[in-house]
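Work the whole structure out from these sequences, hints included.
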Amino acid sequence: MSAQERLTDALYGLGWSTVKKLPEPVAVRLGRTVADLAWKRRGKGVRRLESNYARVVPGASPERLAELSRAGMRSYLRYWMESFRLPAWSAERVGNGFEPKDVHYLTDGIASGRGVILALPHMGNWDLAGAWVTTKLGTPFTTVAERLKPETLYDRFVAYREGLGMEVLPHSGGTAFGTLARRLRDGGLVCLVAERDLSASGVEVDFFGDTATMPAGPALLAQQTGALLLPVTLWYDDSPVMRGRVHPPVEVPRSGTRAEKTSVMTQSLADAFATGIADHPEDWHMLQRLWLADLEPRPSDGDPA
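Be aware that the sequence shown starts at 49, since it is given in our numbering, and climbs by one per residue.
Read the hints as simulated data drawn from the structure, not as lab findings.
Treat the hints loosely; a few may be bogus.
Claimed, not checked - Mimicking PhoX-like on lysine-lysine, the simulated pairs with C-alpha atoms at most 25 Å apart in a straight line are:
| # | residue 1 | residue 2 |
| --- | --- | --- |
| 1 | K184 | K68 |
| 2 | K184 | K149 |
| 3 | K69 | K184 |
All figures in this text were calculated on a predicted structure; none of them were measured in a lab.
Set out below in structure tokens:
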């Protein structure tokens with residue numbers, strides 16, 4: 049393990065061991081302070097966030113984009129402060145910490161026994177939404193986590209999410225899809241963060257007027273298992289409660305090849321994500337490149353990752 053990896057692991061460990069013990073108002077102020085410091089430094093992540101917002105809010109002035117990126121960093125650090133503290137939250141605090149609209153799509157789907165796939169972009173706090181599902185609805189679910197380096201950091205994330213009631217599968221290894229399909233055929237719930245896939249298997253979609261790639265997994269799982277596919281978007285307001293919306297189901301097309309059906313369904317997911325992101329851009333935590341046009345390094349923007 050490199051020195052940088054040891055430092056990264058130690059910092060995350062410090063967050064989970066220390067931040068969760070802070071009074072909530074102190075944690076809120078700490079998160080905002082760290083966010084503002086990061087924003088003022090204008091590192092690669094902040095510049096990429098601002099570049100991504102320029103696509104979401106076309107025609108925005110530099111001043112507006114700066115406001116959005118500052119609000120975006122505050123939202124991102126709110127996610128981290130909440131995540132560090134979630135293991136110490138009571139069931140009541142978790143249950144009262146999230147208010148989704150149109151949750152009947154989810155509860156009706158669970159009750160039907162056909163299996164449900166929730167697909168989310170990197171918005172708000174997906175860990176809190178997941179904890180709400182396991183706590184408020186009393187429904188366990190399965191998700192997938194990308195393997196991180198160092199391995200000890202990946203283990204921390206798995207232990208953290210399993211502590212919130214989630215079954216966590218590693219993204220690598222090739223067995224995740226089959227396990228997810230079995231869970232769905234048994235009437236289970238699967239939750240996947242699903243708006244970025246730069247692998248060769250990514251599905252091209254139109255996203256805010258340009259081409260991006262998103263994972264095929266949610267659409268393929270719905271086709272193969274008959275599970276309900278539901279997009280979800282999340283956002284914050286000025287209260288301690290996170291908001292969200294369960295969007296109408298993405299239907300499997302009646303005709304076409306598997307690839308054609310997957311393309312249509314993934315585009316429908318992208319459209320639902322775009323609706324939520326356009327309404328609450330500052331709560332979309334995309335500090336990485338997403339659109340294919342941004343994958344080629346451009347010296348003029350410093351090539352933020």
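Taking the hints in turn, this is what the structure says about them:
The suggested pairing of K184 with K68 holds, with an alpha-carbon distance near 21 Å, which does not exceed 25 Å. Restraint check for K184 and K149: satisfied, since their Cα atoms lie roughly 15 Å apart, inside the 25 Å limit. Simply put, K69 and K184 have alpha-carbon atoms about 23 Å apart, close enough for the 25 Å limit, and the pair holds.
This entry satisfies every hint, going by the numbered hints stated previously.
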